[in-house]
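Peer 1: Please build the complex by placing chain B on the supplied structure of chain A, with the hints as guidance.
These protein sequences, in sequence, are chains A and B.
Using this note's numbering, the letters of the first sequence correspond one by one to residues 656 to 761.
Using this note's numbering, the letters of the second sequence correspond one by one to residues 656 to 761.
Treat the hints with care, as some may be off.
To be verified - Here are a few chain A residues that face chain B, going by a calculated C-beta distance under 8 Å:
#	residue
1	M656
2	E658
3	A660
4	F716
5	K721
6	G726
7	I728
8	P732
9	L752
Said to hold, decoys possible - A few chain B residues that don't get close to chain A, going by computed Cβ distances all over 10 Å:
#	residue
10	P663
11	T678
12	D689
13	K690
14	G691
15	E709
16	Y723
17	R740
18	I742
19	T743
20	D744
21	P753
22	D757
23	Y758
24	L761
In short, the hints are calculated from the structure, not lab data.
Positions of the beta carbon are idealized from the N, C-alpha and C atoms, including for glycine.
So you can see what is in the structure, the chains are spelled out below.
2 protein chains.
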Amino acid sequence: MIEIATLPVKDVIPGFHGRFVHTEYSTLGFWEIDKGAQLPPHSHLHEQITEVREGEFELTFNGETKTYTPGMIAVIPSHVEHSGRAITDCKLLDIFLPVREDYRAL
Amino acid sequence: MIEIATLPVKDVIPGFHGRFVHTEYSTLGFWEIDKGAQLPPHSHLHEQITEVREGEFELTFNGETKTYTPGMIAVIPSHVEHSGRAITDCKLLDIFLPVREDYRAL
Chain A
656 MIEIATLPVK DVIPGFHGRF VHTEYSTLGF WEIDKGAQLP PHSHLHEQIT
706 EVREGEFELT FNGETKTYTP GMIAVIPSHV EHSGRAITDC KLLDIFLPVR
756 EDYRAL
Chain B
656 MIEIATLPVK DVIPGFHGRF VHTEYSTLGF WEIDKGAQLP PHSHLHEQIT
706 EVREGEFELT FNGETKTYTP GMIAVIPSHV EHSGRAITDC KLLDIFLPVR
756 EDYRAL
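Just chain A, same shape as in the assembly (with noise of 0.2 Å):
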């Protein structure tokens, strides 16, 4: 059993505070997010599903830029870029596959 507020909190980017969980093929993030922080236009090798469970999170993907709000979900497919904001501050859940090492590593 893991609860989840009991892991250690890493300062990943400006703004963005994360709880990773690594699976066996798979990495959970949990994280909480400062209003106005910005995600830079990346990309790697992990499917990406991102999860909005709180407040507002602007991502751009795909060449479309929309607004997730709790309740959607995107599914950024492996290799493509993409970037993002937090509208204010929010909660998101990302599961990254296969697992994300530079994550373990931090």
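Peer 2: Same frame as chain A, now just chain B:
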């Protein structure tokens, strides 16, 4: 963009009502489960990550029975038998890796 609430509900076993998102490498199951519903012992090749979002769910695997509440996560390895019981009405997120082709066919 996927809005979870717009997805069709599949009644997979008695008391388990699920909405599913299938990505390239995973299936997400957003469950609403009736109080008292039983998850019979079973196993599958998929790694399963279970997060309780509302209510209380009792989960048994690897010889341990524990009650999960919001903020808790179970990581059930591939092929490990597990069973469960909804102590209250509850909501769970299951992440299955790889895709649950059997759920895609529901």
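Peer 1: For each hint, tell me whether it holds in the structure or not.
Peer 2: Results for each hint:
no. : hint : in the structure
1   : M656 : 5 Å, holds
2   : E658 : 6 Å, holds
3   : A660 : 6 Å, holds
4   : F716 : 11 Å, violated
5   : K721 : 5 Å, holds
6   : G726 : 5 Å, holds
7   : I728 : 4 Å, holds
8   : P732 : 7 Å, holds
9   : L752 : 4 Å, holds
10  : P663 : 15 Å, holds
11  : T678 : 5 Å, violated
12  : D689 : 21 Å, holds
13  : K690 : 21 Å, holds
14  : G691 : 22 Å, holds
15  : E709 : 13 Å, holds
16  : Y723 : 7 Å, violated
17  : R740 : 16 Å, holds
18  : I742 : 15 Å, holds
19  : T743 : 18 Å, holds
20  : D744 : 19 Å, holds
21  : P753 : 8 Å, violated
22  : D757 : 18 Å, holds
23  : Y758 : 16 Å, holds
24  : L761 : 19 Å, holds
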